[in-house]
Amino acid sequence: MPEPLSEPPSAERIVQLEGVRKDYRLGAVVVPALRALDLTISRGEFSAIAGPSGSGKTTLLNLIGCVDVATAGRVTVAGQETGQLSDRALTRLRLFQIGFIFQSFNLVPVLTALQNIEFPLLLQGGIGRAERHERVRALLARVGLGDHAEHRPGELSGGQRQRVAIARALVTRPALVLADEPTANLDSKTGGTIIELMQQLNEQDGTTFLFSTHDQQVIKHAHRVIRLVDGQIAA
Amino acid sequence: MSAPRGRWGRLGALLSAEGSLLWQTLPVVARISLRNLRLHRLRTLLVGSILLLGTLLLLSGSCLFEAVDQAMERTLVNSVAGHIQLYRAGAKESFQLFGNMDGSMPDVGVIENFPALRRALLQLDNVATVVPMGIDIAVSSTENLLERQLAALRAAVRSGDLARQRALAQHLQRVIAVFDRSLSNAEALIDVARYKREYGDPDLALARVRRPDFWSRFEADPYDALEYLENEVGPLGLDQDLIWLRYLGTDTALFRQTFDRFEVVDGTMIPPGQRGFLFNKRVYEEQVKNKTARRLDLIKEKLDEGLTIARCPDCQSWIRLNVNQTGSLLMQLDPLAAEAVGAALRRELGGGKQQSTAQLLRELLAMDDQNFAARHALFYRVVAPRLELYSIKFGDELVLTAFARGSGYTRKVPVKVYGTFRFRSLDRSPLAGGFNLVDLMSFRELYGYLTPERRREQETLRRRAGVKAVTRAQAEALFAAPGEVVEEQGRGAAPAAPAGLDLGPSTGRYDAALQRRVYSQSELDHGVVVNAAVMLKDGSRAAQRRTLEQLRTLNRRLGLGVAAIGWREASGVVGQLVDVIRYALYGAMLVIFLVALIIVNNALLLATLERTREIGTLRAIGAQRSFVLRMIVAETVVMVAVFGGCGAALGSAALLWLGHHGIPATTDFFHFLFSGPRLYPALAWSQVALALASCALVALIATLSPARLALRVTPREAMAEGD
Ligand SMILES: Nc1ncnc2c1ncn2[C@@H]1O[C@H](COP(=O)(O)OP(=O)(O)O)[C@@H](O)[C@H]1O
Ligand SMILES: [Mg+2]
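In order, the protein sequence lines correspond to chains A and B.
Just so we're aligned: 49 in this note's numbering is position 40 of the first sequence, and the numbers increase by one with no gaps anywhere.
Just so we're aligned: 1472 in this note's numbering is position 27 of the second sequence, and the numbers increase by one with no gaps anywhere.
Hints listed in this document are in silico derivations from the structure and should not be mistaken for laboratory results.
Just so it is clear, the structure is predicted and the values come from calculations on it, not from any experiment.
Some clues are possibly wrong.
Not close to chain A: a few residues of chain B, all C-beta gaps over 12 Å, as computed [as the list claims (entries may be wrong)]: (1) R1480; (2) S1539; (3) Y1673; (4) H1971; (5) G1984; (6) E2059; (7) T2111; (8) E2162.
Residues from chain A shown here face chain B by an in silico Cβ test under 10 Å; the list is partial [as the list claims (entries may be wrong)]: (9) T67; (10) L104; (11) V119; (12) F128.
Here are the simulated distance ranges between beta carbons [stated by the list, open to error]: (13) B:S1494 with A:G153: 42 to 52 Å; (14) B:G2090 with A:T49: 50 to 60 Å; (15) A:E164 with B:L2054: 24 to 34 Å; (16) B:L2101 with A:G153: 52 to 62 Å; (17) A:A37 with B:L2054: 24 to 34 Å; (18) B:W2130 with A:G153: 15 to 25 Å; (19) A:G153 with B:I2146: 20 to 30 Å; (20) B:L2101 with A:F105: 35 to 45 Å; (21) B:R2157 with A:L35: 12 to 22 Å; (22) A:S166 with B:L1487: 48 to 58 Å; (23) A:G135 with B:L2101: 43 to 53 Å; (24) B:V2036 with A:E143: 51 to 61 Å.
Backbone N, C-alpha and C define an ideal beta-carbon position, used for all residues, glycine too.
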């Protein structure tokens, strides 16, 4: 279901980048990864960042995900300018506003599917065990792993692991879910179902999704495609 | 690698941050930690076993040390030291109960008014007894072989046993013949002219006693011949043994009451109030016993410790010495005894008829592992009863010669030997076990101070001479009886004489009446002592400290003029041995500590490196640094709890078991260390806590750098590709 359009305009823009530049320093060499980039992501979007390898997709997602800070320019996420925030505040912003889906799934190997998904809720605190488990189980059902709650990542297939990762990203009901090449480690069929699942979750809950990919099959599903070439948005 | 200080400062802030979340995330932290530990079983086992072993060693080491320390304290306090030792204040040297490192005794002056000191000290509630003492070194000599045989001959003459008399006389003739030859060798070494001037011409005397008519007349008038032999020939014996005796002069009855480690081994205690001497059992065995027998004892001790002769070079050399010295053994046997020994050995060893006693003795003494037990028993059954096993026997008079501290004279004081004693647990320690016991009167005389008799004697002489104060020169003139040599050590002018200083020389003549005299308690107490041992009622360490403090205050207030030190300080090297062990233990623990630290640290660093991506992921999805820190620390805590706990439990169990069964002391050193044949360690809960705390400390220090590494992991690390 689409989001109600009653929210104020500033809140509608979950991500805003203005003149953002990102340089990597390799010893004396400065590698420009993003150059003078402006971008706005609105709530409820289901957008893809596309571009060849090395074009700056990961760098861009890292800036939006508050995992890295820009060399210049302004990055605003959920109304907060990330350049101004401490590590603690950035971490809180990630915990409460952003969900992450990784290319390599990145589940904690020693925890079960349920425990992996429950983990961000434990970090947030203040939610009772019953409610936590109810939310986790509901999500597990929605990603089609209702009866895999007690499985460890090692006992799951790649696709199943990514579903667990998606559930973990969504369990805190974040404003924004970021996924860096979520299907790169999956075969195209499984990748397709994962993208369809994400799309479905976007449609049902209105959660904003921003994912990078260089897979045309995946790009097809995006409502909006942001094309990056050499650290700049192609026209 | 060094990070700015601020980073460590922030660590504390992180630890306390999000405290409310601590409890909520604790289960997940614990779960992750436990799962991680299980997942990396090998690493966990490595680190765990080091923590376990470290805790075990720490606990057992400190408990064993504590046991040694306490055993040593009990032994030293209850054998001679008491809890506190007193000596004259302002002494030049510091007081050492067991002497200086070179074996000499420090000169600490004397306590002149002992009764007043004792009265003052007994005012303190915790003081039980004050025992007067005087410790010094004297020298004495055993009779030489000729003298011993002359004594035996005289006894035979007196008893009228003609057969024995003849046998001994015959043997003596043979000894003199051998002796003659050895003397002509000796003459090459000494200033013959001077020797003849001082002792007469030995050749003349020897020539005379070697003539057959001397011996044919012997039977007619044995006493006259004996007199000549004793005066002219006896002193020529060169094999006189000088023995150095460290003695402890004390109120013997009080000493026995006060020190419960003291016990008489053979003979009897010196009768209360009387003069007398008790040999330390160990000294008696080492210095007075027949050397061959003593060596056999030593070998037996080694074998009892589990050694074999084949693996004991000392034993082999003792056996060689025994075999080479059968001659001296044979010389001590009179012809009758030699024949009896020969017959018995021939029977027991199954030798041919033609073998001489000397050959048989050599064969007997050439022992090895197979025959040692049987030969040792045979020696004691056949040979020993016919020997003079100890050159000084109970009931003998012993002339002690010592350097008198006060006047600078050499003093000769005869004392009767009553028996042997030992300090239980210290008897096998050469350092602290070397005291012999002598009565207070003989000690004072040896040390150069007046006894009641000497005081009276001097006063009489003084009256007769009509002088009030006796100078040293006068004293010499007064005391030097005609023909008596005044012995003197050149020490320059005597110092200003303190009260009771005996300025006269002593003759060393044995006076049976004097030896039987019973001194009153007041006579015993009134006279100088060198030091005094204070035994406390409550001997706990705290009480010792408290009483020592009170005693020092009292000393200052009343001007008692004594210095007071604790038993450990008074015991010098012996007491410090515990400190040496303590530092060795600390050193060993430090090494264990460091090795454990390095290994554990490395293992944890590696583990953290392996988990960089996982930590990055947790940080990306919203875990604060404090959470990461808790996660890392939790693993350490779990390991300390599990493995340190196991180590503490194992150590406790081992200590409880050892505390029940005891650890056997296998060598003399351990005997001394354990203050007895077995050490019974006690398990102290404070030590368990300390060992666990140390384990935790090591583990936490080892976690510092891995934790720092983990805290540096950025969430970007999660994005790294590859799985
Ligand atoms: N940590 C880094 N250090 C230096 N250069 C980097 C780093 N990460 C990325 N880059 C460089 O930045 C550019 C953009 O990389 P990236 O954002 O990973 O692109 P993409 O995800 O599209 O492949 C590339 O040229 C890459 O080599
Ligand atoms: Mg990339």
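Verification of the supplied hints:
1. R1480: With a cut-off of 12 Å, R1480 of chain B comes too close to chain A, as the shortest Cβ separation is near 3 Å.
2. S1539: Given a closest Cβ separation of 64 Å, the condition holds.
3. Y1673: Fine: 106 Å to the nearest Cβ keeps Y1673 of chain B off the interface.
4. H1971: Non-interface label on H1971 of chain B holds, nearest chain A Cβ at 85 Å vs cutoff 12 Å.
5. G1984: holds (58 Å)
6. E2059: Non-interface label fails for E2059 of chain B: nearest chain A Cβ at 6 Å, not farther than 12 Å.
7. T2111: Non-interface label on T2111 of chain B holds, nearest chain A Cβ at 51 Å vs cutoff 12 Å.
8. E2162: violated (9 Å)
9. T67: holds (6 Å)
10. L104: With a minimum Cβ separation of about 3 Å from chain B (threshold 10 Å), the hint on L104 of chain A holds.
11. V119: Holds, because the Cβ-Cβ distance from V119 of chain A to chain B comes to roughly 3 Å (cut-off 10 Å).
12. F128: This interface hint holds because 7 Å falls under the 10 Å limit.
13. B:S1494 with A:G153: 42 to 52 Å: holds (45 Å)
14. B:G2090 with A:T49: 50 to 60 Å: Distance hint for G2090 of chain B, T49 of chain A holds at roughly 58 Å.
15. A:E164 with B:L2054: 24 to 34 Å: Holds, at about 26 Å.
16. B:L2101 with A:G153: 52 to 62 Å: For G153 of chain A against L2101 of chain B, whose Cβ atoms are near 60 Å apart, the range 52 to 62 Å holds.
17. A:A37 with B:L2054: 24 to 34 Å: holds (27 Å)
18. B:W2130 with A:G153: 15 to 25 Å: About 57 Å separates the Cβ atoms of W2130 of chain B and G153 of chain A, which means 15 to 25 Å is violated.
19. A:G153 with B:I2146: 20 to 30 Å: violated (48 Å)
20. B:L2101 with A:F105: 35 to 45 Å: violated (56 Å)
21. B:R2157 with A:L35: 12 to 22 Å: Since R2157 of chain B and L35 of chain A have Cβ atoms about 19 Å apart, the given range 12 to 22 Å holds.
22. A:S166 with B:L1487: 48 to 58 Å: violated (29 Å)
23. A:G135 with B:L2101: 43 to 53 Å: holds (49 Å)
24. B:V2036 with A:E143: 51 to 61 Å: With a Cβ separation near 56 Å, V2036 of chain B and E143 of chain A satisfy 51 to 61 Å, so the hint holds.
This entry does not satisfy hints 1, 6, 8, 18, 19, 20 and 22, going by the numbered hints stated previously.
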